[in-house]
Amino acid sequence: MRHEFAVQVGPVGFRVGSEWRAPVASLQRLYEGYPPPEGGVADFSVRLEAERPWRRWMKPSVAIRGDYVLPDAAPLALAHGLLAAEMGMNLQMALGQKRYLLLHASAAERDGKCVLMTGASGSGKSTLAAMLGEHGWRFMGDEFALLDPETWLLHPFPRAISLKNRGIHAMEELVGPDRFGPWLKGTPKGTLRHLRPRQDAIARMGEPARPALILFPTYGADTAVRPVGAAEVFVRLTQASTNYVTLGERGFGALSHLVTEVPARAIDYPDGKAAMEAVEALWAELS
Amino acid sequence: MSEETDQQQTQPAPSRRMVLALGAAAASTVVTIRPALAQTAGSVLNCQIPVPAPQAAGNYIAPDGSLVAPGTPGSFPPAPRALTGEEVKVMLRGGPSPAGIDSQSAQAYANYIRRLQAGMSGFTCYASLQMPR
Amino acid sequence: MAGPLYIADPEELVRAVELDGLTALFHVPSGMTHILAPPAPQILAALRGEGADAAELARRLSESFEIEGGEAEMEARLAELEAAGLVRRA
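Protein chains in written order, with my numbering: chain A, 1 to 287; chain B, 1 to 133; chain C, 1 to 90.
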């Protein structure tokens, strides 16, 4: 394709081809410092294509295509091309990843162990992981956590962090402007801004960690912590995984081991600071 | 376990059997894990539903959502544009019809969407709206 | 009047893990995962090897348990397990 971008993220290499220059330019700035795909070969390809031939110039409309496509996907405006590329990479993982059990969760590492945070959109898991990354933890990922069924270790997948609304402002107070992507307003996901992870997260993207704590965060209420039973954790994680069924017995083994070995808590929190305190307290108690 | 009492027993019990309650007839003791693709993929990608699907282009929509020949009395022409996942979610809950679409057409379109089967354009989007978030 | 005979797959064809009072079960032939609450796991165990109808099943279970519930409840449990593909008519 006319314009190309390639990057290694954790154990996965991506290639993004685009009919327009702008999304590729945005990707190159956002992923500055990331290595190219290992061995020069990408695991997955994303293609940003014009919905119809004439939509390349007139009210440009970006269709997300690639090795794996989802039928019924709505095209995005060219101004949101960066978001289209990110969604495209997510889609390749969601539909094509077979080596690792994919969990829709954020993760952060300390001392070789990691905390996994999972929940619905709006739970704050992306912002929490980003904040931990600025407070002595190593950021591992905000969208997907990769569980190895053979070793039971969690592998980093440190893509650019996708922040919404409050999360953007919270991180702007902690991080300088050069790590941020452009403001994307009026997208199907609302107002977004991407944040490049810290240098250490990028440099150590190949280092897995042992899961030691599972959290189900909910933003918006006074701090409260509740235990979550292993059966409930198991079911919730199957619903947070796109490839649990595909992986069959390997997936079952990995997930049942995870939920029987690793403690889980649901935490309500009113703001980032309270959340971090709760996470640190639970980590000291349980990890 | 409770201590042995000194009540009279007609015969020495070899062991205490645990109670196994069969549960009510209507109870559910087996929950099958269903694939979560529609839910999670729906959260990573914005989706839309064309009414009717391109495979059925040229058909009109009857009030009950079935496909009929164009011009059939009481039927509605195809939607002027594909409906977004958000619009469909609101419609299916009985909320206001999407911009540019009158309420009667919207009802017919909603019924059409409810009848979507796997393989038809829009089904994955509809399925992802069904899963609890 | 004897009812239909049900049988469960042998132990090698399932993987079971206890999770706080419930059982997570992977059924190898179908690749499906189920979460079971008592008495479902106990019924499965009693139906491995040799088929049984509801009455015979109740007798087998009574060797280890005191059963609470009658024929209608037992049949409901068997119907659930059959719908999940974990038992079949022998």
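Treat the hints with care, as some may be off.
[To be verified] No more than 27 Å apart at the CA atoms, straight line, and that leaves these computed lysine-lysine pairs for DSS-like:
1) A/K98 x B/K89
2) A/K164 x A/K189
3) A/K185 x A/K164
4) A/K185 x B/K89
5) A/K59 x A/K164
6) A/K189 x A/K113
7) A/K59 x A/K185
8) B/K89 x A/K113
Just so you know, the hints here were simulated from the structure itself, not pulled from any lab data. Predicted model, so just to flag it, every value in this text is computed and none were measured.
query = Hints broken by the structure, by number, lowest first?
reply = 1, 6 and 8
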